[in-house]
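Here is what each chain is made of, one letter per residue.
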Amino acid sequence: MSEMVIKNATVYDPINNINGDMMDIAVKDGKIVDSVSGSAQTIDAGGRLVYPGGVDAHTHIAGSKVNVGRIMRPDDSRLNNKPRTKVTRPRTGYTVPNVYSMGYGYAEMGYTTAFEAAVPILKARHTHEELEEIPIIDKGGLTLFGSNWMVMDAIRENDLDRLAAYVAWGLLSSRGWGVKIVNPGGGEAWGFGKNVSGLDDPVPNFEVTPRQIVRQLAEANEKLNLPHSIHLHCNNLGKPGNYETTLATFDVCKDIKSKRDRQSLHVTHVQFNAWGGNHWGDFESKAEPIADYLNKNDFLTIDMGQLVFGSATTMTADGPVQYANARLLKARWSNGDVELEDSSGVTPLEYHPQSYIHGIMWAIGLELALLTKDPWQVLMTTDHPNGGPYVNYPMVMTMLMSKKRREEEMAKIAEKTFERTSIAGIDKELDWYDIAIKTRATHAKVLGIVEHGKGHLGVGADADIAIYDIKPDETDATIEYNKVEAAFRYAAYTIKGGEIVVKDGEITATPKGKTFWVKSTAPADGHERMMEDLKMKFKKYYSVSMANYMVQDEYVEHPYVVETGYQ
Amino acid sequence: MQTITLVPKEQFKISVEAETITPDNFAGKSADEIGALVAFEGNAPRPLSELFDIKVNGSADAADDVKIEINGNVNRVKRIGEAMTAGLIMINGDVDMRCGAKMKGGTITIKGNADSWVGQEMTGGEINVQGDANYYVGAGYRGEACGMRGGKITVFGNANDFVGEHMCGGEIVIKGNAGIMPGVSNKGGKIVIEGDTDMPGSEMTKGTIIVKGTVKDLMPVYQREGIEAVDGVEFTKYVGDVVVDGTGELFVK
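Residue numbers (the numbering used here), protein chains in the order written: chain Y, 1 to 567; chain E, 568 to 820.
Since the hints were derived computationally from the structure, they do not count as laboratory data.
The model shown is predicted, which means the values in this text are computed figures rather than measured ones.
There could be a bad hint or two in this list.
Going by beta-carbon spacing under 10 Å, a handful of chain E positions derived as facing chain Y [to be verified]:
1. Asp599
2. Tyr708
3. Gly710
4. Ala712
5. Val811
6. Asp812
DSS-like mimics (lysine-lysine), calculated; alpha carbons at most 27 Å apart, straight line [unchecked claim]:
7. E/Lys576 <-> Y/Lys412
8. E/Lys669 <-> Y/Lys330
9. E/Lys669 <-> Y/Lys82
10. E/Lys634 <-> E/Lys773
Each residue gets a CB set at the ideal place from its N, CA and C atoms; glycine is no exception.
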């Protein structure tokens, strides 16, 4: 079948320890191979930068809350409009682009994989319908378990096998990839207009604490030997002083051991959880203690959740925090209740550099990435579209690579920011290799998809390749950051599964991507007890029957199923 | 001085999106060059020369020296004068929606009636509507946080509902009557209604509304502040909307 060779590529492939070597990459039938025949299609990279296709481990690209964002923001859909071309459909939107634009936007930047970070099981059909229509990129979804009645009942009754069986069943029902926990217990408390105040504040009516939820789900996660660790959005997000809760939450999983070569805890968008002070008046950065913790412990990874000034649409399963945001900022607000599973909220807002609160938030994200010594521990994200839309990734990359670029941005930011953060004193500048880690390699590793051919260019990997119009040996990224940003924004080539999907920043083909999901076995007796409980809950509480609840195979037309089992 | 005269070749049945008709786009161009500019009729791009007879007199270096005169019926032509910065547009008839949207300067005079969203989100300049105006005079388009931010709109006839919705600055004068809820969700600016209206200013946080005619219904969210004179005429002054901690001022006779 099809063969391709990329010649004279300056390759950065951290998973295979390739650091800027000039080499050729051979592709056959959508996979990377050792060599190809002489008749293969040739692309001459001419010494330009070549990365594995980008991977985004935490983003919000599909599902009901993204759609609510679209409905709430007709003003957003007037931004960035592009008419259809011979290969693409019309594109609209900046923070909440239309479904097709989601895929095109990622591909343009050389990204080829993105994982939707919050899928309630009840809404999973909708999510998969959208994921299926997002072109080009490969996808997956992380399933929400953090405020689920089944989970909390099993935890209260101390039945780990039943919990593990439910997690396995939940992943099957939602065709999900991993366990997402959002403000554990808070989503349920919000059903009664309340929130949980910390790790040891019991959830109303369930008498389990967030600490137990995190701990037991982490144990169940490892019992099932899932490819990804638990993916956690901590309690108290968006409140000054929340860094203490965050540090305490890290400790909950300190002694969890994974059989796989990965972290045992991933804490997400930590920028929103590394806040000091007691109220907005003495609000300050506490990125340093978080980074210290990461430097001393290697069992966990985090992602930045970097803030980008301008328009954002915040969307999360953390219902109470969105209510607080909407009240504080007098913004539009939408609230969702997902029956027995969780809550959610959507609020559009604007980040202003003149506001020191937003300035400090901007600084915290960068501090987390720069103060942590091991680049594999901090993933670059903006928690799209909560911190800002993903199209700003190239800008964030240049800020990590260049102090001068950061100083240019700092000139626009409120003075008070620099009294309460250390960003002005940080000289660290990341290189091309570090950026390859932070934007693809560690994302794939954290998700557990390296062995499934993502995030690297070793033989056997998927031929997902990004060629950027910049020569690393001739470019000083610390000074020529505008050039670097332009190159990262529109890839010279994006190759997805051996097919050229972007050439010179223009979409040239729109193949369908795969959807990753996990099928896990569970202990038989735990499964039996779980099914008994589940049938009762469907009969008594759910508004749908079980047969109408699970995602069927018809919804996932291009599945990539990974099987794993109870240990 | 450059004067451009446009006459529609037919009565358009499908709406034409003509944001290219601005003094900025026309300045210094010949009739052929102007004719080559594109407007969408429905979903089909068409050069202006297919839609209009175009005559050009004189020449100009910049937009402020340009006058565009539109004769004939353009009641299906939208977005005339969008984002214009200077110059003059004279429409001798009715015009469709969003005339003068986002305009920054210059003047638009409409001899007939204007459809909805005249002066939508404008930041400067002046619009005069000699007939009536439909809904959302100087308002923000769907979802926009700020409507009109500057400039002035004068409607000599009546206006329909939601005059100056989400207005953040500038001035709107309605010489006739206005429909319900003028100044809803206002954050600034001034609205003067010389005729009657109904339920002015709900959710207003800042700004001024003066109603010289009769207010049929006053929303129960305003606090009475006493009698105050505006330009020598005495009004009852109200402050609100108290539900949203507003400090907007509402003057009612």
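Taking the hints in turn, this is what the structure says about them:
For the restraint placing E/Asp599 at the interface with chain Y, the shortest Cβ-Cβ distance is roughly 26 Å, beyond the 10 Å limit, so the hint is violated. At its closest, the beta carbon of E/Tyr708 sits 7 Å from a beta carbon of chain Y; the interface hint therefore holds under the 10 Å criterion. At a threshold of 10 Å, the smallest CB-CB gap from E/Gly710 to chain Y is about 4 Å, leaving the interface hint in force. Interface restraint check for E/Ala712: the shortest CB-CB distance to chain Y comes to about 7 Å, inside 10 Å, so the restraint holds.
Taking 10 Å as the C-beta cut-off, the interface hint given for E/Val811 holds, the closest approach to chain Y being about 7 Å. Taking 10 Å as the C-beta cut-off, the interface hint given for E/Asp812 holds, the closest approach to chain Y being about 9 Å. Pair hint E/Lys576 plus Y/Lys412 does not hold up; C-alpha atoms about 52 Å apart against a cutoff of 27 Å. As the CA atoms of E/Lys669 and Y/Lys330 are separated by approximately 25 Å, the hinted pair is consistent with the 27 Å bound.
Proximity of E/Lys669 to Y/Lys82 is assessed by CA-CA distance (about 20 Å); at most 27 Å being required, the pair is judged to hold. With a C-alpha separation of about 36 Å, the suggested pair E/Lys634 and E/Lys773 falls outside the 27 Å cut-off, and the hint is violated.
Checked against the numbered hints given earlier, the structure breaks hints 1, 7 and 10 and satisfies all the rest.
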